[in-house]
Amino acid sequence: MTEQLIDLSGVGMIYEAASGPVEALAGISLKVGTGEFVSLVGPSGCGKSTLLRIVAGLRPATSGTVTVAGRQVARPIADIGMVFQQPILLKWRSILQNVLLPAELAGKDPSALKNRAHQLLDMAGLNGFAAKLPRELSGGMQQRAALCRALLLDPPLLLMDEPFGALDAMTRDDMAIELLRIWGETSAARKTILFVTHSIPEAVFLSDRVVVMSARPGRIAADFKVDLPRPRTIECRASEAFGRLSLDIFKELSHRASATTVAA
Amino acid sequence: MKTKALALQYWPTVVLFVSLLAIWQLTVTYSGIRAYLLPSPMSVIEAFWEPDVPWAQHIWTTTWEIIGAFFLAAAVGVLLGVAIAWSPLIANALVPFLVFLNTLPKVAVAPLFLVWMGYGIFPNMLMGALIGFFPVVINTAVGLSQVEADMLDLGRVFNAPKWKIFMKIRIPNALPYILSSLKITATAAVVGAIVGEFVASQSGLGYVITTTQSSMNTSLAFAALIWISAVGLVLYGLVVLVARLWAPWAEGLD
Ligand SMILES: Nc1ncnc2c1ncn2[C@@H]1O[C@H](COP(=O)(O)OP(=O)(O)OP(=O)(O)O)[C@@H](O)[C@H]1O
Ligand SMILES: [Mg+2]
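Residue numbers (our numbering), protein chains in the order written: chain L, 1 to 264; chain Y, 1001 to 1254.
Hints listed in this document are in silico derivations from the structure and should not be mistaken for laboratory results. All C-beta atoms, glycine included, are put in the ideal place defined by N, C-alpha and C. Each hint should be verified, as a subset may be incorrect.
In silico SDA-like cross-links for lysine to any residue, where the CA-CA straight-line distance does not exceed 20 Å [claimed, not checked]: (1) Lys108(L) - Val1231(Y); (2) Lys1162(Y) - Ile77(L); (3) Lys1162(Y) - Asp154(L); (4) Lys1168(Y) - Thr62(L); (5) Lys31(L) - Thr62(L); (6) Lys1168(Y) - Pro110(L); (7) Lys91(L) - Thr1103(Y); (8) Lys108(L) - Asn1159(Y); (9) Lys1183(Y) - Gly1120(Y); (10) Lys114(L) - Asp154(L); (11) Lys1168(Y) - Gly107(L).
So these bits of chain L aren't anywhere near chain Y, every CB distance computed over 12 Å [claimed, not checked]: (12) Ser94; (13) Leu180; (14) Thr233.
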């Protein structure tokens, strides 16, 4: 747990938009240890998706250094599972073929991973939909398919951008429990997960740490350690510690959000 | 069930068509209009069986020209579109030239084809291809480049090489665009083949029409016209069918 998998130092991001430069991130310094589950919360537009893209190497930061697994990130890094804010399924492929896409793109034999793909679809409650086209699925189902796709190659690092955003409350809670299992909550070899969400209870329930970002340009406003016992169960949401921490984070977040309203 | 729905949808078309035919026949019969100006429907139908005209041979010639023009336009159009989307350098070199070529009134080039290639099926194929290839180039290039940025990121996350992203993401994305442009090409191929035959030919449905100018056998020209649209419609229908089978996810795109 001491080893840092992700190490961001003084990361800034300025988009050159047609209407002028947009400062999305400023002075972000964040460390995520191997096997840690860290959630990012923050007001809409504060740069959470931007931050994930920078860590993935999809976009270079305009300032600061980004290190993942001891190497400076300059281009997309292999061995990550990425869940984008939108499902981005290829509309001409069946759900199964979409889940198998990472294998094809990474030059692996997709037929060898068919069983695994079916298992993942089962896990996500999509077993009857393997042969369907994406447009035949609801938004929430598409998002679950995208999650299966990210998990196909069993990556040690998962970057997840509001993966449960389009799900109903019940499915959302079920998927959270599943995610903890996939992460390896009860095992020694855990994955590392950087998880963006708008739901504070979800962040607290899942994470080792909850990082609060301030409104644009996104900065790190607070970093909460979640000291709830693992493995976590639905009951732990009823505990007093859970409620207190959620409230603290909520206060911090609303303080950040209102601070910008005043400034703007 | 389905035939009933079709019948319900198309009975007004059929009624209108039959009425028009009837009015036409009656007008010609009772107004004493000369047959070389407007032949009666009956005489057009008779022209279909005119033993002096080798219909099968003419239809064969024109159909070949149209099919050749269609596939030539499709192949060249897709290749050029791919080249343009693949490399900005190629795009910069080719696009102005292609735009110039497209602004030419292609029909005016047909006499040159006669000079260069003489009589035959091939120059007429080329004419059809020349008229029909441009939309394919444009749609291919557009379909290959208008991929959601997120989809390309998806490919980059897995360090997929450029050609793989091309094969697995860009080309399928372009397929509905290409198929939709091929509908235009199907029509253009017919126009090109007939124009080519007007200028220089010894066989084909366009040739039949040019011969009727001197023989004043207008019903023959009408019969040839009907054959031309039949061939054109079949080709168009086939393209639509292939598009539906090949890109079922893109229904309602056009
Ligand atoms: N490609 C881009 N070009 C210009 N500006 C951009 C681009 N992408 C994002 N931005 C801007 O950067 C800021 C941060 O965007 P980002 O998508 O990272 O926010 P977010 O925290 O993920 O928001 P949300 O919670 O709504 O998803 C926004 O103000 C946005 O307008
Ligand atoms: Mg976002």
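Results of checking the hints against the structure:
no. : hint                    : verdict
1   : Lys108(L) - Val1231(Y)  : violated, 47 Å
2   : Lys1162(Y) - Ile77(L)   : holds, 16 Å
3   : Lys1162(Y) - Asp154(L)  : violated, 24 Å
4   : Lys1168(Y) - Thr62(L)   : violated, 31 Å
5   : Lys31(L) - Thr62(L)     : holds, 19 Å
6   : Lys1168(Y) - Pro110(L)  : holds, 14 Å
7   : Lys91(L) - Thr1103(Y)   : violated, 36 Å
8   : Lys108(L) - Asn1159(Y)  : holds, 12 Å
9   : Lys1183(Y) - Gly1120(Y) : violated, 26 Å
10  : Lys114(L) - Asp154(L)   : holds, 14 Å
11  : Lys1168(Y) - Gly107(L)  : holds, 12 Å
12  : Ser94                   : violated, 10 Å
13  : Leu180                  : holds, 23 Å
14  : Thr233                  : holds, 33 Å
The structure fails to meet hints 1, 3, 4, 7, 9 and 12 from the earlier list, while all remaining hints are met.
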